[in-house]
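Based on the sequences and whatever the hints tell you, model everything.
Line by line, the protein sequences give chains S and D.
Numbered by my numbering, the letters in the first sequence go through residues 387 to 479 in order.
Numbered by my numbering, the letters in the second sequence go through residues 387 to 479 in order.
Derived from the structure by calculation, the hints contain no laboratory data.
Check the hints yourself; a few may be wrong.
Where chains are identical, the list cannot tell them apart; a pair therefore holds if satisfied intra-copy or between any two copies.
As the list claims (entries may be wrong) - Lysine to aspartate or glutamate pairs mimicking EDC-like chemistry, simulated, CA-CA at most 20 Å apart:
{"no.": "1", "residue 1": "Lys467", "residue 2": "Glu431"}
{"no.": "2", "residue 1": "Lys457", "residue 2": "Glu397"}
{"no.": "3", "residue 1": "Lys449", "residue 2": "Glu397"}
{"no.": "4", "residue 1": "Lys478", "residue 2": "Glu397"}
{"no.": "5", "residue 1": "Lys449", "residue 2": "Glu408"}
{"no.": "6", "residue 1": "Lys467", "residue 2": "Asp406"}
There are 2 protein chains.
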Amino acid sequence: MDIEVQDTYKEKAMKQLHIDAEKIAKLIKVQMDNLTMPQCPLYEEVLDTQMYGLSREIDFAVKLGLVEQEKGREILALLEKELNVLHELYTKK
Amino acid sequence: MDIEVQDTYKEKAMKQLHIDAEKIAKLIKVQMDNLTMPQCPLYEEVLDTQMYGLSREIDFAVKLGLVEQEKGREILALLEKELNVLHELYTKK
Numbered sequence: 387m388d389i390e391v392q393d394t395y396k397e398k399a400m401k402q403l404h405i406d407a408e409k410i411a412k413l414i415k416v417q418m419d420n421l422t423m424p425q426c427p428l429y430e431e432v433l434d435t436q437m438y439g440l441s442r443e444i445d446f447a448v449k450l451g452l453v454e455q456e457k458g459r460e461i462l463a464l465l466e467k468e469l470n471v472l473h474e475l476y477t478k479k
Numbered sequence: 387m388d389i390e391v392q393d394t395y396k397e398k399a400m401k402q403l404h405i406d407a408e409k410i411a412k413l414i415k416v417q418m419d420n421l422t423m424p425q426c427p428l429y430e431e432v433l434d435t436q437m438y439g440l441s442r443e444i445d446f447a448v449k450l451g452l453v454e455q456e457k458g459r460e461i462l463a464l465l466e467k468e469l470n471v472l473h474e475l476y477t478k479k
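Below is the structure:
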């Protein structure tokens, strides 16, 4: 396999996953800024749905061999950390 | 870009999307065989979640340039047709 092309798709995949993870963080931040309570079931549902969508993208990328499983887990773990920080900031308001 | 390698990832992507679409059809068939009513909210929720997951995979593949948008739409449309047939068969039982 041509290593250069392999890297192009791999880079694209990682970039897109990071964009999508960041989109979730932004969405949650907007919800918090607009005072939608984290205890609200709708908030939890939106978050669950978005996290599920992202994890499906990651699984897909891993199955295609574009992203290592460990890297995929890292993206989700980082996002969860970010959401926890946001959540903490929000509840301290 | 090396056309051969491009095709490998593209083929893998299409193959994986078809596998995942077929998985949804099978899941729904199992639910119907076990007499879980299509009117049941849980059935609808499972179906919605699975369809959402697949559409996220397709969007991801399209964004990476692995799958053409039209092909992605076709996969979803074919699955919907298949589910409609299953649904019809079930309600005629």
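How the hints compare with the structure:
In the homo-oligomer, the alpha carbons of Lys467 and Glu431 lie at most 20 Å apart inside one protomer (18 Å), although the nearest pairing across protomers, at 28 Å, exceeds that limit. Only within a single protomer do Lys457 and Glu397 lie at most 20 Å apart by alpha-carbon distance; the minimum there is 12 Å, versus 23 Å between protomers. In this assembly of identical chains, Lys449 and Glu397 lie within 20 Å of each other by CA distance both inside one copy and across copies; the values are 16 Å within and 13 Å between. For the homomeric pair Lys478 and Glu397, neither the shortest alpha-carbon distance inside one copy (38 Å) nor that between copies (50 Å) is at most 20 Å.
For the homomeric pair Lys449 and Glu408, the shortest alpha-carbon distance between copies (16 Å) is at most 20 Å, but the shortest distance inside one copy (22 Å) is not. In the homo-oligomer, the alpha carbons of Lys467 and Asp406 lie at most 20 Å apart inside one protomer (15 Å), although the nearest pairing across protomers, at 30 Å, exceeds that limit.
Figure legend: structure checked against the earlier numbered hints; the only hint not met is number 4.
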